[in-house]
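Trainee: Sequence:
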Amino acid sequence: MIKSLLLIYEVRQKTKNIDEDIYAFISMNYQGQSGIIYCLSQRNCEELANKLSTKYNLSASYYHAGLDESDRNKIQYLWSTNQIQIIVATIAFGMGIDKPDVRFVIHYSIPKSMEGYYQETGRAGRDGKNSHCILFFSYGDKKTIDHMIDTSEGSYAQKERLRDNLREMVVFCENKVGCRRQLILEYFGEIITPEDCNKTCDNCRLKSKENYVVRDVTKESQSILQLVKSIKYAEVTSIILVYIWRGSKSAKIQKYFGLPNYGEGKEYTVEMANKIVHHLLSQECLKEVVKTNYSGFSFSYIALGDRAHSVLTGRLKVLMNIHKDDKVFTRERKETKTKTKTSTKTSTKTRAKKITKKTGIDDPNNDKGIKKN
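Numbering-wise, the working numbering puts 300 at position 300 of the sequence shown, and it's gapless, one number per residue.
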């Protein structure tokens with residue numbers, strides 16, 4: 001089904017208004033038609049289904065493994081016979097489903113693997129009509145799944161495979177340039193060109209390549225990696241790492257003020273600093289290590305990844321696609337440059353006046369007395 005140009009792929013940034021975004025999408029495009037919304041947790045399913053029903057007056061119900069088998073069968077029957085429009089479900093829903101007229105598959109959170117994403121989106125458009133596959137991505141959801149993996153049963157090797165699967169999905173979501181269809185098929189060993197997509201994914205449709213520029217962030221990456229190397233025993237989160245690199249004056253990071261790379265990223269916006277860190281994570285230059293404390297609470301901290309050494313030694317460049325409209329630097333940097341230029345001009349004029357007054361030599365920056373032909 002992935003090859004079918006009837007499936008339209010899109011990755012959207014997940015915001016606090018995601019419920020409204022989903023309602024707006026359904027009401028504008030598929031009012032009264034059948035769809036599936038996949039959520040990470042049973043609680044998410046219940047809350048979203050209830051909100052869609054009560055607040056937005058959509059025909060929706062939830063489905064997850066926590067329901068009695070009789071309730072699950074009933075809800076599936078009602079949805080299959082179009083008595084319910086939207087099913088909000090965990091991945092427990094879908095096996096053996098062959099409903100032909102599913103017009104949309106929405107992922108409320110990032111899927112755990114490319115295989116899962118492939119299977120779940122493939123449940124749309126089996127009747128040969130256009131259907132949408134929308135994935136709402138938030139880096140916070142990645143951390144939630146990391147925690148789920150860490151607290152699940154299984155060996156270390158099994159958990160590492162699950163984390164690798166998740167990292168591949170993060171790379172897919174953060175790719176703002178490549179053809180979605182091409183990226184999915186390449187994962188499964190099939191080769192197509194972006195032209196084959198015929199603008200049926202967001203990146204191809206929006207001509208994303210024209211709106212992005214490639215920026216070399218090797219120098220910035222080396223600074224961040226060196227910082228992580230300096231604080232490797234402190235177990236800081238990605239948020240704290242950005243604070244330190246940007247030179248935050250917060251009392252909670254006071255102990256890092258003396259580090260050589262502290263504040264080297266002060267000219268970068270918070271958003272851009274976070275994007276660089278996330279890019280380093282996706283490129284395995286950094287990694288997140290999940291740890292459980294004595295209270296049973298799990299948290300993740302930043303450590304050097306497998307490719308960090310290659311970047312630090314200059315053997316590997318770090319290139320990053322950045323949107324032309326993205327604000328890279330803070331206003332402070334621009335103002336500092338302006339002040340520096342103004343200050344330089346002022347000091348030059350002052351010096352010139354002193355020279356003129358003292359020696360009688362004309363100010364070299366003054367062209368008022370020059371005769372023009």
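I should point out that these hints are in silico values taken from the structure, not numbers from a laboratory.
Quantities reported herein were computed from a predicted structural model and do not represent experimental measurements.
Check each hint, because a few of them may be wrong.
[What the hints assert, rightly or not] In silico lysine-lysine, BS3-like type, Cα no more than 25 Å apart, as pairs:
1. 207 with 232
2. 249 with 327
3. 255 with 207
4. 219 with 207
5. 291 with 176
6. 55 with 16
7. 209 with 317
8. 324 with 199
9. 219 with 199
10. 287 with 143
11. 176 with 14
12. 255 with 232
13. 252 with 232
14. 207 with 229
15. 324 with 143
16. 219 with 74
17. 14 with 209
18. 252 with 287
19. 317 with 327
20. 207 with 324
21. 74 with 14
Trainee: For which of the previously enumerated hints does the structure constitute a violation, in increasing order of number?
Mentor: 1, 3, 4, 5, 9, 14, 15, 16, 21
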